[in-house]
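**Q** Chains as they are written, first to last, in our numbering: chain A, 363 to 727; chain B, 24 to 522.
The reader is advised that the hints may include incorrect statements.
Derived DEER-like restraints, expressed as beta-carbon distance ranges [to be verified]:
#1 B/Thr340 - A/Ile486: 34 to 44 angstroms
#2 B/Ile344 - A/Trp699: 51 to 61 angstroms
#3 B/Leu234 - A/Phe681: 50 to 60 angstroms
#4 A/Glu622 - B/Phe318: 22 to 32 angstroms
#5 B/Glu192 - A/Leu633: 47 to 57 angstroms
#6 A/Phe623 - B/Ala397: 31 to 41 angstroms
#7 B/Ala401 - A/Gln604: 53 to 63 angstroms
#8 A/Phe681 - B/Arg302: 56 to 66 angstroms
#9 B/Ala429 - A/Val696: 47 to 57 angstroms
#10 A/Leu633 - B/Ala348: 24 to 34 angstroms
#11 A/Phe681 - B/Val488: 47 to 57 angstroms
If you only want the chain B side, here are some residues facing chain A, beta carbon under 7 angstroms, derived [stated by the list, open to error]:
#12 Glu336
#13 Pro339
#14 Leu343
#15 Leu447
Stretches of chain A that chain B covers, calculated by requiring three or more beta carbons in the stretch to come under 8 angstroms of a beta carbon on chain B [as the list claims (entries may be wrong)]:
#16 401–408
#17 478–485
#18 531–537
#19 632–646
Hints in this document: simulated from the structure, not taken from any laboratory. Even for Gly, the Cβ is constructed at its ideal location relative to N, Cα and C.
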Amino acid sequence: MNDQTTNPSGLIACLVIYEIGSTTLFLQAAEAKQDAWIAMTLASAAAFFLLAMYLAMHRQDPDRDLFALCRAYLGSWAGTACGFLFVGYFAYESSRNLRDLVELTSQVLLNQTPLFIIAMITIIVVANTARYGARMLFLCTLVLLPFLLMGYALLIVMLASQQMIHAESLLPMLENGWRPVFKAAFPELVSFPFGQTVLFLVFFPLVRTGTPGFSRSVYLTYGGVSLFLIAMNQLTVFVLGQSIAENVTFPLLESVQLIEFSQVFERMDILFVFVLFLGLGTKLAAFFIGAATGFSQLSGIGYRKGILPLAALIFGLSFLSPNYTHHIWVGKAVTYWFTIFQIALPLLLFIAMQINGGKKGRGHG
Amino acid sequence: MNVTEKPAAPSIVERLRYQLGGSSDFIVRFIHEDPKDPFMYAVCYIDGLVDKNLLAFLLEAVAAEARDESGLPPDLPMSLASRVPVGALTDADSDDALVQAMLNGEAVIVGTGLTGGLCVAIPGGPSRSVEEPSSQTVVRGPKDGFTENLADNLSLVRRRLRTPHLRIEDRVVGRYTRTKVAVVYIEGIVQPVILDELRRRLDAIDIDGILESGYIEELIQDTAWTPFPTIHNTERPDTVAGHLLEGHAAVLVDGTPFALIVPVTFFKFFLSSEDYYQRHDIASFVRIIRFIAFFVSLLLPSLYIAVTTFQQEMIPTTMLISLAAQREGIPLPALLEALLMELTFEVIREAGIRMPRVIGPAISIVGALVLGQAAVQAGLVSGAMVIIVSFTAIASFVIPALGMSAAIRLMRFLLMALAGSFGLFGILAGMIPLLLHLVSLRSFGIPYLLPVAPLKWRNFRDLFVRLPWRALKERPAVIGSRNPRRQPRTGPKKEENRT
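All chains, full assembly: derive it from the sequences and hints.
**A** Here it is as structure tokens:
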């Protein structure tokens, strides 16, 4: 009864949570100041073409996932190398998310618990999630999505009802011209968060994508989530103002803390951390599963056997940075390099697919 | 007609007696004209397994046959069959079959001119009458419940579904208990895949005894490694009928009032048959209350522990002060305090089920007053904790299915331990694996969280809320999707006009 779990609704839910992920945690396009929304719109539009390219690749060969595509169209040797690069990329992204989650936990919930214990618990939970495979993650996100959306909706309603949204901070528009906007948008914003949909090349073959509405619903989801992310980012600026938003670690949590329900709820940020956890955790697990899938496909080691070493690897990678500031700084630096995985390699693969398209035929299905 | 001591030993009766090891409840009635003659007929049965009144009829009929002047007719079973006034008649050739027939509550007629024997089904013996179900009660709705008698139970179901499409398949499970197990379904609605799987799993059972449907439940469920029930059980014939109409299949087991229903999804355990008898808005409200109760029962103690131990800043100041004042002087940390109280409650609860009814009031006094009131006054536990534990306990009784609330109880303890060591983070770290476990569970191949994950919008009409019947024109997707229409597409009024 496989047809039950190959329903694409789970993948769509996963895409939503994955894209929201950790994005709301940080202030995006801080360099663009009040024009962050323009930068984000540009970046998301650019990444939209990337997504369209990924989907076109999938449609051309719907039975192969990213790693199989690499091997089929780039040749065995180069394809395997390229696949391992992707595994490394996914594992590293996963470790970055793990560190974010751990730092968030440590700052808001468990101040006295050592980081490695929090990281250990998290990686156990996530490795257990990965053990069930991507389809189960999709089903899981279907259950979690309503809670996530409710959390954000509640947040927006409460911020609005307490008149904390100061939309006038949108002005003056394009104060410093287009240059800082472009600088913020490319390539940084394209790479994070919008370009990370490259991971879904691993997941598309798992669900029934042949239905005519599938591509449309992916595009709609992507568009909706992008709008949401732009709005949330701007909302943080509206509530906190540009200078505070730029300088606090978790600006969204900072703005949640301003909400006061006299005598009923205090410190709403603690509850809101859960909403962030859902996004972070899903992203973490999705990258983990992507890496584990690639690892088992390329090395021939069973999927479940690869989980434990991969968990250890990601756990270790998350402690590369001595402190959180360094972690954030590295994050800014590596986003430039990540365009290799989001644009260069997929483009190469895409071109190879166009050239070899006729020869290779369709996948093993 | 005379009944006397044993005449010259007829071999077949002796063989039967030998097979039963001379058990004292094996009764033979010899029927013959002349005491010196070898008997003409013998009626053998097991005392207590046959109905005494029907047996009297039967003996009379056999005696009349024996008195018949024509002697032994050539077609004896036929002639006897026309005279025997009661019960289903079957022929049996082998001794084993005859013994088995007796053990099934049949009387066996053997005769000098007969090769095998004639079995007359006159089952009887002590049985409980139809009473109100004790485990699943309703305010509005039928009050009859299943009994321990399979035939009665089947008739209760059949009486609700007077359609030729209702199918009952019998089989016998258990090498020693030889328990009758009936698979019940409605042809044309049930999914053949599920039915075949059910038959396959039932046929695969090889066990010495089945004493309750719980044996069957464990032996045919998809996985044993889960606290969550993946097979529904009910004492209510109307619940069985309702599920059959939705495309489920039921398994009725002789000797227990609990019928099994397969497949079942997580959300089914939060529905009661009364939801369909009440007004839809009230039923929807009650359902939402049940889902809230589910979360309360699962999470309330652990949330309390997490917030009071790790995240006190979440509590408003005045409440925090009052909580702190209560906890002042309490020697235990919140986790131990909660575990102590939960454990106490579990003991009281178990005692309440096992103890003789007579001492019930004594236990409730000890439980409520001594352990609740006195523990607070003695400063062993805080008043707030008693409230939390009591509310959790009451909330767990709102869930209509006992199996589900038992699973939630187990999970509650795990979550409490996690909350006590890692606070809210620990609760989340426990909830995610729990969710994954639920998502990966299957009941006869059907995903456990079906209408939510994977998503089936059609089933949402009868899930968290129940829409009015006029909006429920279709059976739930997947389980009953073979024959999806419950009502014609047009409203019931138009239907009347047409006829």
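**Q** Evaluate each hint against the coordinates.
**A** How the hints compare with the structure:
no.: 1; hint: B/Thr340 - A/Ile486: 34 to 44 angstroms; in the structure: 37 angstroms, holds
no.: 2; hint: B/Ile344 - A/Trp699: 51 to 61 angstroms; in the structure: 54 angstroms, holds
no.: 3; hint: B/Leu234 - A/Phe681: 50 to 60 angstroms; in the structure: 57 angstroms, holds
no.: 4; hint: A/Glu622 - B/Phe318: 22 to 32 angstroms; in the structure: 25 angstroms, holds
no.: 5; hint: B/Glu192 - A/Leu633: 47 to 57 angstroms; in the structure: 53 angstroms, holds
no.: 6; hint: A/Phe623 - B/Ala397: 31 to 41 angstroms; in the structure: 37 angstroms, holds
no.: 7; hint: B/Ala401 - A/Gln604: 53 to 63 angstroms; in the structure: 58 angstroms, holds
no.: 8; hint: A/Phe681 - B/Arg302: 56 to 66 angstroms; in the structure: 59 angstroms, holds
no.: 9; hint: B/Ala429 - A/Val696: 47 to 57 angstroms; in the structure: 50 angstroms, holds
no.: 10; hint: A/Leu633 - B/Ala348: 24 to 34 angstroms; in the structure: 25 angstroms, holds
no.: 11; hint: A/Phe681 - B/Val488: 47 to 57 angstroms; in the structure: 48 angstroms, holds
no.: 12; hint: Glu336; in the structure: 5 angstroms, holds
no.: 13; hint: Pro339; in the structure: 5 angstroms, holds
no.: 14; hint: Leu343; in the structure: 9 angstroms, violated
no.: 15; hint: Leu447; in the structure: 6 angstroms, holds
no.: 16; hint: 401–408; in the structure: violated (count 0)
no.: 17; hint: 478–485; in the structure: holds (count 3)
no.: 18; hint: 531–537; in the structure: violated (count 0)
no.: 19; hint: 632–646; in the structure: holds (count 6)
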